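Visitor: Below are the chains, spelled out letter by letter.
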Amino acid sequence: MEGGTSPGRRSGPARTSSGPGRLLVLVYGVFALSATARAAVQIATKFDEAPLAYVLSALAAVVYVCATVGLARSGPGARRLATVAVTVELIGVLVVGTISLAQPDDFPDATVWSGYGEGYGFVPLVLPVLGLLWLRHTRERA
Amino acid sequence: MIDGLAYAVIVVSLVVGVAIIGLAVADRRPLTLLAYGLVTVEAAALIQVLVAIVQVVRGERPDEPATFVGYALTSLLAPPVGALWALSDKSKWGTGAAGVAALVLSVLTVRMLQVWG
Numbered sequence: 001m002e003g004g005t006s007p008g009r010r011s012g013p014a015r016t017s018s019g020p021g022r023l024l025v026l027v028y029g030v031f032a033l034s035a036t037a038r039a040a041v042q043i044a045t046k047f048d049e050a051p052l053a054y055v056l057s058a059l060a061a062v063v064y065v066c067a068t069v070g071l072a073r074s075g076p077g078a079r080r081l082a083t084v085a086v087t088v089e090l091i092g093v094l095v096v097g098t099i100s101l102a103q104p105d106d107f108p109d110a111t112v113w114s115g116y117g118e119g120y121g122f123v124p125l126v127l128p129v130l131g132l133l134w135l136r137h138t139r140e141r142a
Numbered sequence: 001m002i003d004g005l006a007y008a009v010i011v012v013s014l015v016v017g018v019a020i021i022g023l024a025v026a027d028r029r030p031l032t033l034l035a036y037g038l039v040t041v042e043a044a045a046l047i048q049v050l051v052a053i054v055q056v057v058r059g060e061r062p063d064e065p066a067t068f069v070g071y072a073l074t075s076l077l078a079p080p081v082g083a084l085w086a087l088s089d090k091s092k093w094g095t096g097a098a099g100v101a102a103l104v105l106s107v108l109t110v111r112m113l114q115v116w117g
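Each protein sequence line maps, in turn, to chains A and B. Under our numbering, the first residue of the first sequence carries the number 1, and numbering increases by one thereafter. Under our numbering, the first residue of the second sequence carries the number 1, and numbering increases by one thereafter.
No lab work stands behind these hints: they were computed from the structure. In this text the structure is predicted, and so the values were computed from the model without any measurement. No false leads were slipped in.
The calculated SDA-like cross-link candidates involving lysine to any residue, where the alpha carbons are at most 25 Å apart (straight line), are:
| # | chain 1 | residue 1 | chain 2 | residue 2 |
| --- | --- | --- | --- | --- |
| 1 | B | Lys90 | A | Arg79 |
| 2 | A | Lys46 | B | Glu64 |
| 3 | B | Lys90 | A | Gly75 |
| 4 | A | Lys46 | A | Leu101 |
| 5 | B | Lys90 | A | Arg15 |
| 6 | A | Lys46 | A | Thr36 |
| 7 | A | Lys46 | B | Ala66 |
| 8 | B | Lys90 | A | Pro20 |
| 9 | A | Lys46 | A | Gly97 |
| 10 | A | Lys46 | B | Arg111 |
| 11 | A | Lys46 | B | Val110 |
| 12 | B | Lys92 | A | Arg139 |
Kindly generate the complete structure, drawing on both the sequences and the hints.
Guide: Set out below in C-alpha cells:
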C-alpha cells in the first residue's frame, strides 16, 4: 500500500467493488466460503478416497478467496491479484471440467469445477468470464 | 432436519430474495422494509439450526456430520454478513446483492437437506 492519500485518485481506475462489482464480490465470497469449507471437510475426513480431486478442491478454494479479496479491495495490487485469480479460475474450470468428463475415474467425488461446474448451475463457468469482463470494464474508465 | 420446516425456510428466503431483487430493479431502496425482510430470513435460518441442534441432542445424526455443521454455520453467517456488505454500496446493485444474500439461504437449505440424509 502506498503511503498517504493522493488527491488525484479520482482519475485512477474505477473500484472493482462498486455497483455491479458489489454483486460479483458477493457471489465470489459465497463460493470462497463454500469451496473452503468443502475442501476442508474432504481433506480432513476422506483424503485417501480421491486425493487429486480434493487437492483441486483446495486449489479452487484458494483461487476463490484470492479473487474475492482482490475484487473487494482497491488499488493496483488488488487488481493484479484479482486478475491472476480469475484467470486461473477460468483455466481451472475449463481444464478440470474437460478432464472430469474425459477421465471420470480420476474424479470419484466431485469438485466445484467438475463437469464445468454443473453441480453449481454452471456458475463456476460463468463467474470467471464475468470477472474478467468486469476487471476490463473498470480499468477502461481510467 | 424437518422437511416441512426446511421447505418453509426455502420459500421464505426465495420470496424475500426475489422481492428485494425486484425492488433493486425498480431502483427503490426502502431500508425499513429491507431490514424486516432480511431479519425474517435470519430468523428462519436460526430456527432451522436450533431445531437441528435439538434433534442431534435427542440422538438423531446427519449422514455427513462435518459437512452439515459447515452448512449450518454458513446459513447463519452468510445471509446477514452478505446483506450488510451488499447494502454498504448505495447503488441498486448493492440492493440487488442483498437480495442474492437472502437467496443463498435457500441454496444452503437444499444442501443441508441433502447431507442430513
